[in-house]
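Asks: Each chain is listed here by its residues.
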Amino acid sequence: MPEKQDRYDVVVVGGGNAALCAAMTAAETGAKVLILEAAPEPYRGGNSRHTRNFRCMHEGPLSVLIDRYGEDEYFDDLIKVTGGRTDEALARMVIRETEACLPWMQDHGVHFQPSLSGTLSLARTNAFFMGGGKALVNAYYRTAEALGVDVLYDAPVTHLAVADGRVNRVEYIHGGQQHNLAPKAVVVASGGFQADIDWLAEAWGPPARNFLIRGTPYNRGTVLRDLIDQGADTVGDPTQCHAVAIDGRAPKYDGGIVTRLDCVPFSIVVNRDGDRFHDEGEDVWPKRYAIWGRLVAAQPDQVGYVIIDSKSLPLFMPSVYPPIEAGSLAELARKMGLPAGKLQTTVAAFNAACGDTVGFQPTELDGVATNGLTPPKSNWARPIDTPPYYGYSLRTGVTFTYLGLRVDERAQCSDAAGPISNLWAAGETMAGSILGQGYLAGFGMAIGTVFGRIAGREAANHVG
Amino acid sequence: MLDDTAIEEARRQAQICNACRYCEGYCSVFPALHAQRVMADGDIVQLANLCHNCQNCFDACQYTAPHEFDLNLPGILAEVRQESWEETAFPAALGRSFHRNGTLIAMAAVVAMAALFALLRALPGGGEGFYAMLSHGAMVAIFLPAFVFPLVALGVGLKRYWSRVGGERIRLGHLRAAFASAAQMRNLAGGHGKGCNFEDGDRFSQGRRVMHQLVMYGFLLCFAATTAGTILHYVFDMPAPYALFSLPKLLGLSGGILLCIGTLGMMRLKLRSRPDLQFPPVRRGEFGFILLLFIVSASGLALYAGGGTTALGALLALHLGAVLAFFLLTPYSKMAHGFYRFAALVRDAQRR
Ligand SMILES: Cc1cc2nc3c(=O)[nH]c(=O)nc-3n(C[C@H](O)[C@H](O)[C@H](O)COP(=O)(O)OP(=O)(O)OC[C@H]3O[C@@H](n4cnc5c(N)ncnc54)[C@H](O)[C@@H]3O)c2cc1C
Ligand code: SF4
Ligand code: SF4
Chain A
1 MPEKQDRYDV VVVGGGNAAL CAAMTAAETG AKVLILEAAP EPYRGGNSRH TRNFRCMHEG
61 PLSVLIDRYG EDEYFDDLIK VTGGRTDEAL ARMVIRETEA CLPWMQDHGV HFQPSLSGTL
121 SLARTNAFFM GGGKALVNAY YRTAEALGVD VLYDAPVTHL AVADGRVNRV EYIHGGQQHN
181 LAPKAVVVAS GGFQADIDWL AEAWGPPARN FLIRGTPYNR GTVLRDLIDQ GADTVGDPTQ
241 CHAVAIDGRA PKYDGGIVTR LDCVPFSIVV NRDGDRFHDE GEDVWPKRYA IWGRLVAAQP
301 DQVGYVIIDS KSLPLFMPSV YPPIEAGSLA ELARKMGLPA GKLQTTVAAF NAACGDTVGF
361 QPTELDGVAT NGLTPPKSNW ARPIDTPPYY GYSLRTGVTF TYLGLRVDER AQCSDAAGPI
421 SNLWAAGETM AGSILGQGYL AGFGMAIGTV FGRIAGREAA NHVG
Chain B
1 MLDDTAIEEA RRQAQICNAC RYCEGYCSVF PALHAQRVMA DGDIVQLANL CHNCQNCFDA
61 CQYTAPHEFD LNLPGILAEV RQESWEETAF PAALGRSFHR NGTLIAMAAV VAMAALFALL
121 RALPGGGEGF YAMLSHGAMV AIFLPAFVFP LVALGVGLKR YWSRVGGERI RLGHLRAAFA
181 SAAQMRNLAG GHGKGCNFED GDRFSQGRRV MHQLVMYGFL LCFAATTAGT ILHYVFDMPA
241 PYALFSLPKL LGLSGGILLC IGTLGMMRLK LRSRPDLQFP PVRRGEFGFI LLLFIVSASG
301 LALYAGGGTT ALGALLALHL GAVLAFFLLT PYSKMAHGFY RFAALVRDAQ RR
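Chains as they are written, first to last, in the numbering used here: chain A, 1 to 464; chain B, 1 to 352.
Only chain B is shown next, with the shape it has when bound in the complex (with noise of 0.2 Å):
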């Protein structure tokens, strides 16, 4: 069950901004907020999980620590939104350890890529490039319940979002403003288009956004290219290898990159971040996952440029490993946050 105590707390916090609304035009919390008197807990689920912790309204906050009103609204909203992301996770309890634990993080990605290796020797290659080493058969035999587990799980930790938050019939004009607003994270442009506060006190920077847009379309590149790889396949019956100047491969290479730059930056930028302003005991956990993440990209990269040399079983389990472990993770990890924010703001799209 969800501790109340950080819903209260977060509250007490909402009803001073109520009464204050300086923050108003920092982004969509506000006016969500300011639309009710009386606060219930899946509407203060509904507000953290609108905040994309940008700390604009904590360093423009006149009542911040020594005050004795000792507003903090990011830490709070993003303790919150933990735990909704922790209790609404199929099993809840798989949610509860990986958020909060980066060494398990790391285990999972070793024991994922061990066991490529492991099914690399024991298991006969059939076709050419990677296929030489794992057969295609093999690999969706492991990766397809590797993909469509995860995506269940997240399913069902949407539908428990979504009563949580009270949640209406979705139209198709959620939908839209929802992807519209998604698209160009239009909320970290901080209200007034000069980004967040984040990563060195109350100056304004466009570093977040930037860095969260590599990450989101690297991802996107990617999955589209193992998406075409697959239509290749089996529309086309044209397997792997691809050549260079092929849909896969340049879709592949151009995610690989954007993510791989991406990923480095954001742990630049969440070093230098207050903690504080977050909710610490999920900074590692967080850090471990944007590290697998960065591992999936520059692992995926590596098979590119070593894909004819002795070291391609290696990278190919470290490559593979790594990517199981990113699925089977997804509802459990910070990943979890992109499906949540969505959910978020379809919801937001039916207050308006």
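Just chain A, same shape as in the assembly (with noise of 0.2 Å):
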């Protein structure tokens, strides 16, 4: 039997970026709302608790932003790295409304500092949050609890049963028990489903066991394979996710952003046998971030190891582990587990394939480049000669999952027989209606904010 079904118009079910959105939205038109949140209060947030910022469209300067970055850019600068797999009008949509959501964030408390040290390319487009992502969920849900919005944490939500083109009932785990919840109005917002090993490891098959999960374990996707059974419409490649290289030594779940490692380009990289197996120097390091998730996913073990010498160490942004250090890379080569021999072989190989290095510069494409090497290095080749010597272990870490719901303009699901009456959905969940690969950064927070306020607007309209 549904119990308390009369006291909360709107359900939301999640507790990141695009939950509070929504339910501090839907709460200022008058809806009692309840926001129901698998993570026990420390970790509540989910992966939006990990984010540095929020990629806003600007025809002046705003805020923190400086300059100008308007809508066609913005779209070019996605379809760059989505390789045209983007719903065009839905993202449109997005960055037009990204505008307005800075100051609109700002008045829910949150606030933004100028550009963090280390990414001043982004002073332009992205805004950074004072404090990072869960300040500003903390700000969230201080305003939406002032909004008379109540939460549960440690209440994961288990099923929602649709019939007849709608939600009619929720049920969720609380205090070790089922309970059950009739809402005039549900919003969707619990994330991918990338904390599910045993999901990935479907899609992706067996290595995915090795890969870590940069974020919260809570997104196991239960409510979207819950929908999915149901034959709600989906959107997204299952077998893709967004994936980077990041220290092989960070934890299985939520090692967030101080797990990433910058030193690729100023680096070779080998697998466990030794080997090199990919161009290390292509291109600048953030547009390689993402491709070598997939590279090292593809090695046996899904690991690689990267090697540097002292005079590559300055170079990059400090990671959260200090490096392996030796003073012989036969030593560094034992520290981490390598066969000695080969490491050697391989880079004294590639030391021999470096050429002139005087015009090294660190922080463009410098065409200094190894010769007759296979797999060659493009740029900043300088040989490893000079000790101590360094080494990271590098795996793949995954960031989100792309399949997802399918929403229309109004964040409304849907299923064979049409819309469903009191379905939304926001956020990680949905993104996949708007990018089909790829990622820009600060552009997660876009889709959940934007689409957080959509989809509680019309839950709240819903419920009248």
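Calculated directly from the structure, the hints in this document are not laboratory data.
All values reported here derive from a predicted model rather than from experimental measurement.
For every residue, glycine included, the Cβ atom is placed at its ideal position computed from N, Cα and C.
Treat the hints with care, as some may be off.
Below, in silico cross-link-like pairs of lysine to aspartate or glutamate (DMTMM-like), each with a Cα-Cα straight-line distance of 20 Å or less [to be verified]:
id	chain 1	residue 1	chain 2	residue 2
1	A	Lys252	B	Glu68
2	A	Lys342	A	Asp356
3	B	Lys194	A	Asp107
Chain A residues, not near chain B, derived (Cβ > 12 Å throughout) [claimed, not checked]:
id	residue
4	Glu28
5	Pro61
6	Asp67
7	Asp72
8	Arg96
9	Gly165
10	Gln178
11	Leu181
12	Asp247
13	Gly274
14	Arg334
15	Arg410
16	Gly438
Grab the two chains, each in its own frame, and use the hints to assemble them into the complex.
Replies: In structure tokens, the structure reads:
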């Protein structure tokens, strides 16, 4: 039997950025809103708590953003990374809406700060949250609670019962018991399914078991799977996920931003057997960041080993763990569990293929390349010969999955029979509706904020 | 010798922050931290003294417990900071005793008050007002050393601090920058002007900044009152008591009121704060010290009110005893933080 069914007009599934934007918007129009967040309070906020910025269109200087970043330029940047797999109408709508979102975010407690040191290239396009995503999430929870939104932590939703084109019942677990609710409207904002390793392995094959999950362990796709099983329309390739190469010593879940490694361009990367497998100097790092997630995933044991020498240590942002250090390559190999002879041969072959290095320029494509080496290193190729030597292991870190719920421009979900009359979706769980591959820094929070607000507004309208 | 485990732990956490940088906008700790890839012990000590425990970076951190990275930057920097004060204190043994022991502070205050009582009885008066109880000469004989000794001790402490953090030659510009920052307590604004997360979880509030300002300016006004009195006494040959509308009284009265409100406010905020984001072993000592400062200001105000009554002797002993204890404890109590913080701001100005 449904209990307390009359208390809530709108139930929001999830407790990250998209969920909070929906909840605040709905509550502001007078709806009685409940947030069901799977995570316990200290871990509330999903992947949103790991974020740092919001990509924002602006016709002139806006808050911390300098200069101008127009719709077309924003859209071009997006198309470049998605290779055209983009719903243009929805993408352009999100882009246009971001400009109004920024002041709205400030009104709801978010503080921005100028672009972080080491990220100056984003000063025009991305507004950084002061304190990062967790500070944003904290501010939103405060604002939501002041608006009368109730929040239940440790309350994973297990089933949305869909019949005759509407959600009739929300089932969730709290305090070890199953509970039911029958709200007038439901917003799903529970992220992707990347924390469900079995599901990842189903889509990617067994290597996925060695992947690390960069964000929350609570995005297991339970509600996504439940809705797929009931015939909800989906979008996006189930075998696709956004993955990058991160420090191999990172925790299985929730390592976040500090596990990223920016040293690949100044290194050689070998696999378990001590062989190089790809051009480390192909392009500037941000553009290659995502490629290396896949490259490492294709290596034995899904692991890579970055080797640099002391010349290169100051050239990249430090990461959470200090590198493994050794006075000789043989010692480094031993410490990293690599075949020592093979590593020395690989480095010797690389060093021999390095040419003139006077043009070395760490911040741009410098054309300092190897000669006659396969695979080549096309930029920043300097011999690795100045001890101490340093090493990092690399593993595949999954950011999010692309498979999601298909929504229209009003964030409404549908199945074969047409729209589901009281179900909306926002954030990562529907991001596949907009981008089918690739990723643009700051666009995840843009989608979540724009669609969260739309979903909240539509749900509240439905409630009347 | 300093216990290096706290510095080691602070370094571990600072390295995580250096890879993250999300809190860069909150305070001057982060820009200083990001400037170095390798942090020496002295650098960590300097970071610790730049931190004013606003706790904003704790609530903003995605890596606080139960996360395995277990970040608690305000907590560990408070510990390192505390140890740096104790380590550099002169003599160091006194630093450790009083910081960590509220009871000892109370005892010092009581002893000082009792001593004043005894002196008041034993020594002849010589003048009007409270000089009728204790002559000006006797007061100077007691308080001049009690004022000079702590200054010397603090001077030695700061010199030790300066070499610990590798300070360079100080130029006027450094001092100017540090004064400007301290006068407005700029860092206490929290980077975005909304203040600290201190007394109510992740809610930002100006409470701490306001109370701090009241205490600091209240203290400075009281100090100015004494200075004005001294000048009137020696330069203009106008000994106390002074009329209500005299410089020493107006300064002292307003300073005393600010100090009273400020210390009460600080205690209230501190009671609601989260002990594990500070350094718990000194919590009682800190309360003891704020209470002492409150007694200094409240008994001073009571002296103004009860000047003509039979309670004068008792009030005078109470007030002068509290002031005496306060002066003597300054290098070994929370009061020292103002001086170290100023030194840290000067050092930070050198980095920029
Ligand atoms: C390390 C890292 C850094 C990133 N940095 C950025 C950045 O700087 N800018 C940017 O735009 N994007 C960034 N992203 C991507 C960004 O995190 C996402 O696009 C965005 O946070 C998605 O928001 P969301 O609200 O849809 O999902 P989330 O924030 O992940 O929220 C999902 C919520 O649903 C809850 N949940 C899951 N299942 C259930 C269930 N069954 N019942 C109830 N609740 C459930 C979860 O606990 C969570 O609270 C980053 C991602 C990672 C991993
Ligand atoms: S306190 Fe946490 S969020 Fe802030 S910079 Fe350090 S690691 Fe990052
Ligand atoms: S507690 Fe406040 S002052 Fe200290 S490091 Fe954190 S943000 Fe800076």
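Asks: Indicate, hint by hint, whether the structure satisfies it.
Replies: Against the structure, the hints:
{"no.": "1", "hint": "A:Lys252 to B:Glu68", "verdict": "11 Å, holds"}
{"no.": "2", "hint": "A:Lys342 to A:Asp356", "verdict": "25 Å, violated"}
{"no.": "3", "hint": "B:Lys194 to A:Asp107", "verdict": "13 Å, holds"}
{"no.": "4", "hint": "Glu28", "verdict": "20 Å, holds"}
{"no.": "5", "hint": "Pro61", "verdict": "18 Å, holds"}
{"no.": "6", "hint": "Asp67", "verdict": "20 Å, holds"}
{"no.": "7", "hint": "Asp72", "verdict": "31 Å, holds"}
{"no.": "8", "hint": "Arg96", "verdict": "28 Å, holds"}
{"no.": "9", "hint": "Gly165", "verdict": "39 Å, holds"}
{"no.": "10", "hint": "Gln178", "verdict": "26 Å, holds"}
{"no.": "11", "hint": "Leu181", "verdict": "28 Å, holds"}
{"no.": "12", "hint": "Asp247", "verdict": "9 Å, violated"}
{"no.": "13", "hint": "Gly274", "verdict": "28 Å, holds"}
{"no.": "14", "hint": "Arg334", "verdict": "25 Å, holds"}
{"no.": "15", "hint": "Arg410", "verdict": "32 Å, holds"}
{"no.": "16", "hint": "Gly438", "verdict": "24 Å, holds"}
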